[in-house]
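> In case you want the letters, here they are:
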Amino acid sequence: MTNKMIRAENISKYYNLGRLGSGRLREDFKNWWDRSVKNSRQEKEPRNHIWALKDVSFEVSEGEVLGFIGNNGAGKSTLLRIISRITAPSSGVIMGNGRVASLLEVGTGFHGELTGRENIYLNGHILGMKKKEIADRFDAIIDFSGVEKFIDTPVKRYSSGMYMRLAFAVAAHMDPEILIVDEVLAVGDAEFQRKCIGKMKEVSTQKGKTVLFVSHNMQALQSLCHRVIALHKGEIIDSGEPETVIGRYLKRERKINSFQEYEAIPYAPGNDSIRIKKVALLPEYVNDQEVIDIRTPVNIHFEFWYLGAAYDNLIAGVHLFNMKGECIFDVCSEGAMYTNGLIEGKCTIPGNFLNDGSYYISLVFVKDTTNPLYHFEACLAFDVEDYRKDTAWYGKWQGAVRPAFPVTLTTKE
Amino acid sequence: MQTQWKWKIEAKTRWFQWNLKELWQYKDLLNRFVRRDLIANYQQTVLGPFWIFLQPALTTLVYWLIFGKVARISTDGIPPVLFYLPGIIIWSYFSDCLNGTMYTFLQNSALFSKVYFPRLIIPLSAIVSHTIRMLVQLLLFTGIYLFYLIFTEAVKPNLYILLLPFLILLTAAFSLGTGLIISVMTARYRDLDYALQFVLRLFMFASPVVYPTSIVPEKYRFVFWLNPLTPIIESFRTAFFTTGPLHYKYLLLTLFSVTVILFTGLTLFKKKELNVMDII
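As you go down the protein sequences, you meet chains R and H in turn. Here the first sequence is numbered in this note's numbering, starting from 1 and rising by one per residue. Here the second sequence is numbered in this note's numbering, starting from 1001 and rising by one per residue.
Bound-form chain R, shown alone (with noise of 0.2 angstroms):
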């Protein structure tokens, strides 16, 4: 049977949110003096506070890779902080067998002033090694980093992207019996990411180590994990085979986005002039795992209750943002007179469009080309997933959107 590398049992974790002011030391010696004095035991869970973490257990074996999935505010962070030994749970006891060394972020300990080389050894020291073991790898650390011209200056004059290797090497080459990646995959060029892959793959299957594995990029997930545990709220929601977590997982986040519904006018969002009363969104699947990838036409459907004057010249517009509140792009139906009643839009978004990442849509009503009816702003959230016949190359795919227009290449002589 395999070695067990870290089992937690019943870990859990709050954080306080009290004031962090000057009520503090107050509150501390009324806390003090209730516990103490009065010895009322009655509140023993603190008042204010919210759960990062509850109640989770798991174990992890010699040589196996662990995912870890879950939306913002799951858990994820605070997990590998307990498990990476920075803080301690509220609750509960982890147990681990072997140095634990993170990737949470690399290049920690680096100091401006000193050289290549002097960093090299302080960051190699407090990530745990030994001083014989990082002269033994000194060499292929440099190698992997390829700053070897530039090893004997400080690093404070570095261009960001070879401090960057140089810290990663480090971590690399620090050969821990258990390590932990977390979107380590966001940084650094395509040539360096490939890199960080081989690297995990070569400790994961040639060195048989364990790797704790923390990312959004699903399809590296599934390639790289033989396990996956997905966090919700700070507890385990599910875990097993990879791909049966992801769909699920995926299928969960969907469901809360991609649908609303309002019986009645009273009820619905909207104004004297607009009340939505229905708007979904409606992929056309080309995949059997129903998952919304580049390639995946999406339908926009949406109903609403027209209020205002009749013979008004309406608009209805669909803008779609991603994440950072950008727009990536605004269309609007043609200007026409209504009466009141309801009224039916549809938009389709189609395939190989998108680029992977994250979009919310807001619908917009326009009178007269200028005056605003209403928004309803943020109604509709989807993820779309990468898609890749390739897939030797996990990186960022660059731009807004990723049209799939030919590049055609010929020789002229």
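To be clear, the hints were calculated from the coordinates, so they are not data collected in a lab. Even for Gly, the Cβ is constructed at its ideal location relative to N, Cα and C. You can trust all of the hints, since none of them are fake.
To spell it out: a stretch of chain H is covered by chain R in this simulated footprint if at least three of its residues, at any positions, have a beta carbon under 8 angstroms from a beta carbon of chain R; those stretches are:
no.	region
1	1033 to 1043
2	1103 to 1115
3	1264 to 1278
Assemble the complex: chain R is given as a structure, and chain H must be docked to it using the hints.
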């Protein structure tokens, strides 16, 4: 089923769990931090490490002018330069160590929130690098002392000089213990910082840095000796200048209080090191 785990974290850290063995495994890291401090501190300065000498030399000059020439405070018949130097060296060693350790959590929160290593390494490395600086300053003192010893008859050494390493150790332990206690407190109550700098300045004048203990009125002298730094500085002077008897009782008192403070500091630090990260 295996039962051996190499590490284990529970919600409550037990008292007196110091993990000295683990600390020893990280001695390379300690060395590196010391190197970093020493190298980074004097990068891009014109005089470089020469500042280590210059600081006490200039301070001595200023003190001699203000306290010796203007205020005419007694130096117990010892040449002023020699009289001020031990006090200045011990005092600045103490206050540097304290300043280097009492913000452990505040200054290293970025590092502490990313990677695990025994947190105690940081304050210990501060102590070591300040000790190195202090030893260099002692060389300056020794040089001047030898000059006076050979060319004048103003100073007389005695065997108590052998106590010097012990005095240094006491100072280090005192500042480490105090620094550890304060580091846990400054993490939680930031404004403590302002109060502390003020208290530290007062504390210097409560220690026999610019004056000998002999000018303190007899009635208050006992309170004065309770300050752990007083026996340390006075014993230093006694050893090198033979100014009076060695107050070994007070030195033992210092040993006792410093041990208590260091013990309290270590225990508190180890107990709180993980919890502190949630409130910074």
